[in-house]
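Got chain F; can you put chain A on it based on the hints?
Chains as they are written, first to last, in the numbering used here: chain F, 2 to 235; chain A, 1022 to 1128.
Honestly, the hints are just simulated from the structure, not real lab data. Glycine included, every Cβ here is placed at the ideal spot set by N, Cα and C.
Now the in silico label distances, taken between C-beta atoms and shown as ranges:
| no. | chain 1 | residue 1 | chain 2 | residue 2 | range |
| --- | --- | --- | --- | --- | --- |
| 1 | F | L73 | A | F1101 | 42 to 48 Å |
| 2 | F | K131 | A | N1109 | 26 to 32 Å |
| 3 | A | Y1090 | F | K132 | 47 to 53 Å |
| 4 | A | K1107 | F | W105 | 39 to 45 Å |
| 5 | A | S1088 | F | Y108 | 40 to 46 Å |
| 6 | F | K104 | A | I1119 | 43 to 49 Å |
| 7 | F | V234 | A | G1082 | 38 to 44 Å |
| 8 | F | K132 | A | G1050 | 17 to 23 Å |
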Amino acid sequence: MIKKNFFFKGYRSIFTHDSPAIALTCCFIAIGALFKNLGFNIQESIFSTVLTYALPGSLVMAESMLIGASLLNIFLAVWIVNARLYPMAVSLFPLMMHKSQPKWKYYFSCHFIAISAWLIMKSNYKNIPKKHRIDYWIGIGSATVSVSVIGTFLGFSFSEHLNKDMMLGLAILNPVYFLCMMIGASKTIAVTLSVLFGTILGPIIYLLSPEWSILIAGIIGGTLAYLVGEHSVS
Amino acid sequence: MSANIVYAIIVTSLATFLSRFLGALTSEGIKETSKVFKWFNCLAYATLAALIARTIIFPAGVLADASYYSRSIVVFLSLFVFFISKKNFVYPTIFSAICMALINNYI
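Next up, chain F with everything else stripped away, as it sits in the complex:
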């Protein structure tokens, strides 16, 4: 089963000085307030946070419901927005694969793939023996989901007290935190260029194709950065 000491080591990563707990809580406070305004009850709000656990996907669902989109439209819109989770999974799971670990752990814990948990794991995996990285990862994921649920509950409960300025403050906090984390993670030429190219290409391609801009920018920017990185190494 799950090795407890590595699980709790992962869980405690949310309490470190550079933890995403504050950013994550604030984002889900905003999401909780949004759900309440959309007519969700508290159970539905928490159900959505636990099952989806991806901020852009939740926002797309909320926007789609506001305009009365069909379930198929919601599925496609969310799938396109969250397709970024595929390369994130492929660039993380090989670091945790170990033949002694059962596969259900990997299939179950892929649900925890999100920017915050992914960046924490990427920063810390070298300090954990490969055999136990999956348990550490499940700890990180459980911690970030717990924080998200608390944020959703707070946002739902106190939505009447959140004025426009407070909501704006909560909304800017998340991209700023992740931008800082991405810059902090830029330690090789390939990763630095990936972040730089993605930042430049994302908004430019958005002008041409809003739906596909993130994926196209990721593929073009990431491939260019990879080629330059490989060239510089060789």
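Structure of chain A alone, referenced to chain F:
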């Protein structure tokens, strides 16, 4: 629970889980030292950077109520705080929320 809301939540979670699960399945044949892994690593970072840049420049939801200039000023000042605080993640994050509320209220 309203049936429509529950269906929307289930559909959203399935659409989200699909990418995660396919990623976990694909990973089984990839070694962490392989070129494919390095390429996917670059794709992941570039995709995330594109998402963050798009969120700041073309935001959806409540952030769209703030002007482009106020969002840009907040991001640049927060990055300045990030670098002078020796790349601490918490100070610029808290600063950005306070700064955005102040700029939007007084400027």
